[in-house]
Amino acid sequence: MKQLFVFIRKEFYHVFRDPRTLLIMFGLPVVQIILFGFALTSEVKNTDILISDYSQDVQSTKVTQKIKASSYFIVHEAVIGNREIENTFKKGQIKCVLIFPPGFSNDLFHNGKGQIQIIADGSDPNTAKTIINYLTSIISSYQREEFPAAATPYQITTEPRMLYNEDDNGSLNYIPGVMALILMLVCTALTSVSIVKEKELGTMEILLVSPFKPVMVLIAKAVPYFLLSIVNFSLILLLSVFMLHIEVKGNLLLLFFETAIFILTCLSFGLLISNTTNAQQTALLISMMGMMLPTIIFTGFLFPLENMPWIFQLIANIVPSKWYFIIIKNVMLKGLGLKYVWKETLILIGMTCFLLAIALKNFKIRLQ
Amino acid sequence: MKKLRFLLQKEFRQIFRDKTILAMMLAVPTIQLIIIPQAMNFDIKNINISIVDNDHSSYSQKLISKIGSSGYFRIVSNDISYQKALRHIENGSADLVMELPNGFERNLIREGSQKIGVSVDAINGSKASIGGAYLNSVIADFNAGLEVNQITVPTQPGPEGFVDITYSNWFNTLAEYKFYIVPGVLVLLLTLIGGFMSALNIVREKEAGTIEQINVTPIKKWEFILGKLIPFWIIGMIVFTVGLIVCWIVYGIISVGSIALLYSIAGIYLIALLGFGLLISTYSDSQVQAMFIAFFFILIFILMSGLFTSVDSMPPWAKVVSNATPVTHFIKIVRMIMLKGSGFSDVKSELAYILVFAIALNGWAIWNYRKTA
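So the sequence lines, in the order shown, correspond to chains A and B. Our numbering numbers the first residue of the first sequence as 14 and each following residue consecutively. Our numbering numbers the first residue of the second sequence as 16 and each following residue consecutively.
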């Protein structure tokens with residue numbers, strides 16, 4: 014036991030003597046959680062649209078005023094022809110053109126039907142859809158106010174309630190996602206590199222011939238990174254609460270327990286990578302460049318997993334961060350207890366055991 | 016010039032001898048470009064809805080079957096109480112709960128209006144808002160089709176005040192997401208390859224100690240940097256070409272705009288990116304450091320560049336950050352040229368940004384590279 018502590022101390026010295034790596038380890042999550050917490054949002058706002066008003070009459074001005082009053086759009090006004098619309102889109106600033114044909118008011122009052130045409134830049138289809146939705150609902154509300162008689166007399170209306178997110182915070186979904194992403198990549202990369210580095214420098218040989226049990230070498234390697242990752246997580250959590258004003262609804266103890274399991278999963282994965290490679294460069298390429306995109310995609314915080322082809326949904330199941338993301342979303346944002354996440358927790362524990370078993374089985378006591 | 020030729024020869028030999036790295040640079044992006052966009056699908060369909068029908072009337076049944084047949088929704092459960100339905104949202108099997116109150120049909124016919132409760136799992140904002148909008152449009156449709164409305168309102172539109180909205184999506188009539196994401200992923204992969212590989216390069220020589228040997232030769236600073244830059248530039252252009260071919264064969268996306276323009280801008284972008292990698296390389300002492308720094312920046316590049324989320328919606332300070340990354344501008348240009356056929360005059364301001372990056376980053380890298388150890 015005493016030996017183990019001595020070795021753990023050695024590992025801590027390694028970590029603390031390399032201030033740049035330490036800075037990266039703590040600075041990276043902090044900067045990123047702040048950056049993404051504020052910047053990533055699924056909302057569409059401040060979009061530039063152009064209103065091309067051929068009629069310039071009372072009603073078209075009213076509609077224009079109503080659109081201008083909403084915070085979604087920055088409205089530009091110019092009367093342009095079809096050919097110019099294409100050129101405007103090609104410049105890229107304007108995302109949507111709304112056209113009032115000549116005689117809008119006249120049509121509205123005398124023919125009973127006024128036309129508005131919306132042309133959206135479909136090269137960004139999601140923004141286009143959202144803009145069309147917003148504009149349509151603004152125009153419908155104008156219609157209801159101006160012409161209550163035209164509405165159908167029997168109406169079902171919906172009373173929407175936003176669960177778990179009353180303020181409609183567009184970045185809420187991204188924060189647990191970024192947490193899972195950062196923990197996964199940083200833990201895995203650091204652990205795998207710390208062992209491969211000893212192999213490269215030749216000091217692994219010395220550790221292995223010492224009376225210290227080889228398995229203990231691995232444990233001693235893992236402990237400092239485990240503790241640092243927990244500190245790291247606490248830091249991220251504090252930032253999300255105090256800077257991003259995310260309310261932690263669930264049990265804090267449970268949150269830390271789940272995070273500890275997830276970190277263990279990542280550490281075991283890092284150990285496994287380090288067993289199979291002999292060069293730092295390869296270990297890094299696998300754990301960072303190779304894993305970055307799959308982790309971003311299969312965690313499910315950017316793209317809904319259920320829309321993917323079944324084969325990808327299957328692949329996503331073996332990505333630990335997917336399960337952690339579900340757990341942390343349920344516990345932190347929805348305030349649910351262990352009763353709701355026991356399945357995911359068991360899966361993470363199972364993964365950890367499985368990865369550890371393979372890693373230990375492949376752990377070679379001899380280098381050559 | 017002759018010295019440069021020898022340097023290039025050396026670099027190329029080094030690259031071609033390491034088969035893993037070569038495979039990593041060429042095969043990995045191709046495979047990822049084929050696979051990844053299939054997984055990136057923002058088209059929101061199959062919204063899971065739980066329905067609580069407290070009325071059990073013919074109208075409520077009609078509304079439910081209308082929702083079920085709309086194609087957007089999958090009815091996962093019919094629950095007897097709101098509490099039960101909420102359970103489905105809690106365990107993630109439903110995104111929406113719609114509650115039809117008791118007396119739904121009676122109130123609708125007697126009083127002419129009836130409110131129904133819709134609870135949305137709002138953690139995933141885009142899914143919540145689009146799901147809500149779909150439900151509203153299905154209900155609006157249902158309203159218009161109600162028999163009572165058919166009787167009281169004449170079939171032709173009323174005497175006044177009906178606004179008819181027509182809309183169309185240009186450049187992408189069916190509003191398919193792949194047109195948006197595939198060029199973006201191509202840029203992303205190019206960035207990963209160029210950024211990581213060049214960041215590791217000089218550091219590797221530092222760690223191996225071979226940089227000393229180069230430092231004592233009469234090779235000039237710019238020759239050394241150029242010797243490192245050119246091979247990766249060529250590989251980057253090959254990756255870009257392969258990527259464009261994949262776009263064409265797998266996704267049927269052919270650039271609407273000028274290919275020559277696309278290539279020349281890609282060339283400048285690669286120079287900027289490689290300069291960035293070399294700069295990291297000159298600042299770090301070990302490959303691990305270089306990798307982490309590169310990782311730090313590239314993750315920011317990816318998430319801030321507007322690849323997945325709109326830059327316009329970011330707060331002003333984040334827009335500044337976003338504009339300070341070369342990737343943002345290149346993604347914008349590639350999308351503009353490939354999808355809309357924008358010409359040189361449309362992209363020149365974005366191009367100016369990339370040019371500034373290319374000059375500044377490379378200048379900095381050359382300046383920071385010391386021939387003393």
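Hints may contain errors.
[Stated by the list, open to error] Each pair of labels, with its calculated beta carbon distance range:
{"hint": "1", "chain 1": "A", "residue 1": "Ala273", "chain 2": "B", "residue 2": "Pro233", "range": "32 to 38 Å"}
{"hint": "2", "chain 1": "B", "residue 1": "Leu37", "chain 2": "A", "residue 2": "Glu99", "range": "50 to 56 Å"}
{"hint": "3", "chain 1": "A", "residue 1": "Val71", "chain 2": "B", "residue 2": "Ile95", "range": "25 to 31 Å"}
{"hint": "4", "chain 1": "B", "residue 1": "Ile260", "chain 2": "A", "residue 2": "Phe225", "range": "21 to 27 Å"}
{"hint": "5", "chain 1": "A", "residue 1": "Lys126", "chain 2": "B", "residue 2": "Gly127", "range": "39 to 45 Å"}
{"hint": "6", "chain 1": "A", "residue 1": "Glu172", "chain 2": "B", "residue 2": "Arg121", "range": "16 to 22 Å"}
{"hint": "7", "chain 1": "A", "residue 1": "Leu373", "chain 2": "B", "residue 2": "Pro116", "range": "56 to 62 Å"}
{"hint": "8", "chain 1": "B", "residue 1": "Ile49", "chain 2": "A", "residue 2": "Ala370", "range": "44 to 50 Å"}
{"hint": "9", "chain 1": "A", "residue 1": "Ser84", "chain 2": "B", "residue 2": "Gly107", "range": "29 to 35 Å"}
{"hint": "10", "chain 1": "A", "residue 1": "Ile371", "chain 2": "B", "residue 2": "Val265", "range": "30 to 36 Å"}
{"hint": "11", "chain 1": "A", "residue 1": "Leu214", "chain 2": "B", "residue 2": "Asn230", "range": "51 to 57 Å"}
[Claimed, not checked] Covered, in the sense of this in silico footprint (three residues per stretch, anywhere, with C-beta under 8 Å from a C-beta of chain B), are these stretches of chain A:
{"hint": "12", "stretch": "221 to 230"}
{"hint": "13", "stretch": "236 to 245"}
{"hint": "14", "stretch": "317 to 325"}
[Claimed, not checked] Not close to chain B: a few residues of chain A, all C-beta gaps over 10 Å, as computed:
{"hint": "15", "residue": "Phe49"}
{"hint": "16", "residue": "Phe102"}
{"hint": "17", "residue": "Pro115"}
These are computed hints drawn from the structure, not numbers from a lab. Since the structure is predicted, the reported quantities are computational estimates derived from the model, not experimental observations. Beta carbons are placed, not taken as given, at the ideal position from N, Cα and C, and that holds for glycine.
Hint-by-hint comparison with the structure:
no., hint, result
1, A:Ala273 <-> B:Pro233: 32 to 38 Å, "violated, 57 Å"
2, B:Leu37 <-> A:Glu99: 50 to 56 Å, "violated, 43 Å"
3, A:Val71 <-> B:Ile95: 25 to 31 Å, "violated, 52 Å"
4, B:Ile260 <-> A:Phe225: 21 to 27 Å, "violated, 55 Å"
5, A:Lys126 <-> B:Gly127: 39 to 45 Å, "violated, 24 Å"
6, A:Glu172 <-> B:Arg121: 16 to 22 Å, "holds, 18 Å"
7, A:Leu373 <-> B:Pro116: 56 to 62 Å, "holds, 59 Å"
8, B:Ile49 <-> A:Ala370: 44 to 50 Å, "violated, 33 Å"
9, A:Ser84 <-> B:Gly107: 29 to 35 Å, "holds, 32 Å"
10, A:Ile371 <-> B:Val265: 30 to 36 Å, "holds, 34 Å"
11, A:Leu214 <-> B:Asn230: 51 to 57 Å, "violated, 23 Å"
12, 221 to 230, "violated (count 0)"
13, 236 to 245, "violated (count 0)"
14, 317 to 325, "holds (count 6)"
15, Phe49, "violated, 6 Å"
16, Phe102, "violated, 6 Å"
17, Pro115, "holds, 15 Å"
Checked against the numbered hints given earlier, this structure breaks hints 1, 2, 3, 4, 5, 8, 11, 12, 13, 15 and 16; the rest are met.
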